[in-house]
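Enquirer: One-letter residues, chain by chain:
There are 2 protein chains.
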Amino acid sequence: MKDLESLSASQAIRALARRDIKATDLLLACLDRIGQRESLVKAWVSLGKENALARAKELDKGAIKGILHGLPIGVKDLFDTYDLPTGYGSPIYANHYPLADAVSVALMRQAGGIILGKTVSTEFATFKAPVTVNPHHHKHTPGGSSSGSAAAVADFMVPLATGSQTAGSIIRPASYCGVVGFKPSYGKVMTAGIKALSPALDTMGCFGRSVGDVALGVAAMSDDLGLAEIPELHNKPRIAICKTNDWSLASKETAGAIALARFTAEAIAKGTVSDIELPSACNELTLTQSRIMSYEMARTLSFEQKLFGKKISSVLSQQLVEGSKINYEQYQMDMHYAKAARFAIDQLFQNEVDIMIAPSATGEAPSAKDGTGNPVFCRGWTLLGLPCINLNISSGPNGLPIGVQLIAGPGKDHFLLSAARAFAQALPDPVLRDQA
Amino acid sequence: MKDLESLSASQAIRALARRDIKATDLLLACLDRIGQRESLVKAWVSLGKENALARAKELDKGAIKGILHGLPIGVKDLFDTYDLPTGYGSPIYANHYPLADAVSVALMRQAGGIILGKTVSTEFATFKAPVTVNPHHHKHTPGGSSSGSAAAVADFMVPLATGSQTAGSIIRPASYCGVVGFKPSYGKVMTAGIKALSPALDTMGCFGRSVGDVALGVAAMSDDLGLAEIPELHNKPRIAICKTNDWSLASKETAGAIALARFTAEAIAKGTVSDIELPSACNELTLTQSRIMSYEMARTLSFEQKLFGKKISSVLSQQLVEGSKINYEQYQMDMHYAKAARFAIDQLFQNEVDIMIAPSATGEAPSAKDGTGNPVFCRGWTLLGLPCINLNISSGPNGLPIGVQLIAGPGKDHFLLSAARAFAQALPDPVLRDQA
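Same order as they appear, the protein sequences are chains A and B.
Per my numbering, the very first residue in the first sequence carries number 1; after that it's consecutive.
Per my numbering, the very first residue in the second sequence carries number 1; after that it's consecutive.
No lab work stands behind these hints: they were computed from the structure.
Backbone N, C-alpha and C define an ideal beta-carbon position, used for all residues, glycine too.
There could be a bad hint or two in this list.
As the list claims (entries may be wrong) - Only part of the chain A face toward chain B is listed, based on derived beta-carbon distances under 7 Å:
1) 106
2) 223
3) 247
4) 298
5) 302
6) 303
7) 325
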């Protein structure tokens with residue numbers, strides 16, 4: 001048995017269920033790793049060591065509680081937890097103890113998960129650079145806003161961690177940190193108990209080190225327990241590369257990653273892997289997503305802006321001012337646009353394609369001083385509400401990970417997991433095949 | 001000028017904007033009325049008298065802040081307020097002070113509204129009978145779950161109060177208490193900061209004593225400020241009576257109210273007021289709504305059930321147990337059913353009808369010992385996400401109010417307000433015409 005902290009969530013769950021390993025030992029191994037690395041990586045806002053150990057001991061003694069039995073989990077500090085402070089990445093909420101868990105956190109505990117601590121979120125899940133560094137190179141960003149979760153999983157501090165995506169806050173940090181990130185269909189995981197940023201877009205998901213890991217995580221978070229079982233692909237899917245309308249922003253390494261993804265996909269696809277263009281109803285996706293997010297943020301954070309304006313960063317303050325200038329009529333037009341775009345993409349998935357492959361980010365993780373990176377390659381998919389998975393596929397000029405995202409039709413989360421596993425199994429690099 | 005507490009929200013707003021009356025005096029008149037009546041009606045959980053008075057004085061001195069400038073407002077105790085305890089109708093949350101306002105509350109304050117206090121909600125907005133009584137007869141229920149808000153507005157304690165509807169929690173108490181209740185389109189008002197019950201259904205709205213009042217309320221809550229201006233109807237709408245599949249549950253007085261509504265509608269409708277049946281895709285609306293609500297409640301309240309089970313009423317506990325038995329596959333089927341039903345109703349509104357008129361409740365307010373009444377005539381419309389307004393139209397055997405609801409197509413909130421005003425103006429009883 002390798003070091004416990006390097007087990008993937010799926011491996012750990014199997015070993016825990018067979019009682020081959022103890023939840024307590026796994027937890028201690030994670031805490032040990034955190035002890036060694038946290039001063040550099042800065043992935044955690046708080047750790048609930050004692051509660052977690054008590055819970056692990058209880059789980060070691062009792063019957064198997066559920067699909068996450070005994071698994072240590074990092075929770076993005078945007079999710080309410082009743083036993084750990086919940087700061088939403090903002091000094092306004094320093095030392096805030098919510099009275100209840102977010103619904104998805106309660107469901108993970110119900111499935112036997114052990115909440116080990118809270119991971120760093122950017123300020124209200126927006127764009128200000130966090131303290132967390134990329135564990136592969138401490139001068140680079142882990143991405144945001146789910147910075148701590150992506151870094152903690154990448155650095156073997158914890159096998160599973162939750163995230164949320166409003167623009168590109170799961171897929172982008174997963175790509176930058178070289179882990180598997182799963183943003184399920186919009187609405188799949190209930191958002192109650194998570195600090196709202198842009199309710200039309202906010203989508204909860206998770207990070208793991210394999211497709212099986214993120215399936216477990218979202219299965220528990222959504223209480224769709226069947227999602228944890230990933231069936232083999234029965235039929236070869238129609239796969240297409242979608243470079244999107246923002247392809248001019250892709251770096252050489254991203255272009256290389258897409259080329260490698262095409263090659264990999266050929267092995268599992270029905271026919272050749274074609275290029276696909278989004279329907280014209282999707283031409284303004286990125287702009288529309290940005291404007292809806294901007295409009296809604298200015299409303300969801302209006303309380304904080306009014307009462308605690310001085311504790312909001314200048315960059316966010318400015319965004320809130322801009323968002324407050326967008327009027328309801330524009331917002332309604334944008335929401336109608338989104339509805340029409342979703343209808344068009346639904347048709348596309350029904351008629352032409354089963355899985356699209358697209359860039360996860362413009363390139364490898366930028367230097368930390370340049371912020372958390374550009375979410376442009378995620379904005380449209382988030383607005384469309386489609387399930388997306390990032391898989392690590394290659395690396396960039398600084399040796400940092402590069403991912404691609406696989407995207408399925410609306411509600412096809414289960415199928416996406418099957419396809420992502422098959423894709424990972426077909427990767428040329430045997431180490432990367434562990435992501436299956 | 002009549003007594004200030006009997007001004008409707010719209011009347012008060014006009015007088016405040018002209019500085020004919022002071023916000024302070026209006027507030028004091030409301031407090032006075034509450035002082036006289038609260039020991040009987042029991043509409044309030046808490047009053048923020050000092051903060052409200054301070055705010056009123058500030059508003060009397062300064063420039064006009066917005067569309068609710070100086071208006072005292074009751075907030076259902078399901079909505080977070082940073083300066084008033086927020087109990088969600090449950091002893092679990094006794095003395096809970098959230099750190100932030102619900103988004104809709106923050107937006108009402110931003111528009112110049114004065115939060116006067118929190119009104120009684122049933123336990124987590126479910127069905128256990130509350131302490132509040134029907135102000136028209138203290139042995140009868142005001143309905144639920146927005147019990148305190150409906151009763152406070154009906155009893156002239158406050159001109160405007162917020163509500164939420166998951167099954168029938170705005171329209172039903174509005175009918176029982178004889179006030180105007182507005183449940184706008186699903187999603188119109190952001191739910192962030194409101195205790196989630198069933199996120200697929202939870203819809204925020206308000207109570208007033210006229211169509212103009214509820215337009216003001218939802219305009220501020222949604223930040224769709226244009227909604228406060230209600231244009232005259234340019235064209236006669238196609239109006240139809242929809243008795244729904246649950247018509248067998250309608251009492252004689254409800255049948256009488258529908259007959260009177262038909263007669264009234266004839267005056268403003270294009271052609272005759274026909275009867276309309278819902279498309280067959282809507283046959284199972286009531287059952288589907290109940291099951292989705294039951295499924296989701298069992299998840300949203302799982303934290304409370306696990307940690308504070310003894311503080312949950314036995315009736316709710318039982319419902320949570322039942323809901324937890326419904327599996328994800330059933331829930332997904334129900335959500336697909338709802339989507340198909342919404343599509344069918346959208347077609348119906350496009351092709352055949354502009355406004356439907358339907359019962360608001362099975363009859364007048366039942367005896368308080370029999371609970372909060374049956375929401376059956378609201379469940380389907382809530383699931384469909386359609387905007388609905390209750391107007392008081394007649395009375396039952398105990399002399400208690402009976403309302404009907406007017407329903408428009410998805411997103412047609414503005415048009416619904418215009419139609420509801422025209423309908424109210426056409427009512428035979430001149431007193432009831434004040435609802436316009």
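Enquirer: Hint by hint, say whether it matches the structure.
Expert: To see whether the hints hold, each was checked on the structure:
no.	hint	result
1	106	holds (4 Å)
2	223	holds (6 Å)
3	247	violated (33 Å)
4	298	violated (9 Å)
5	302	holds (5 Å)
6	303	holds (4 Å)
7	325	violated (12 Å)
When each numbered hint is compared with the structure, violations occur for hints 3, 4 and 7.
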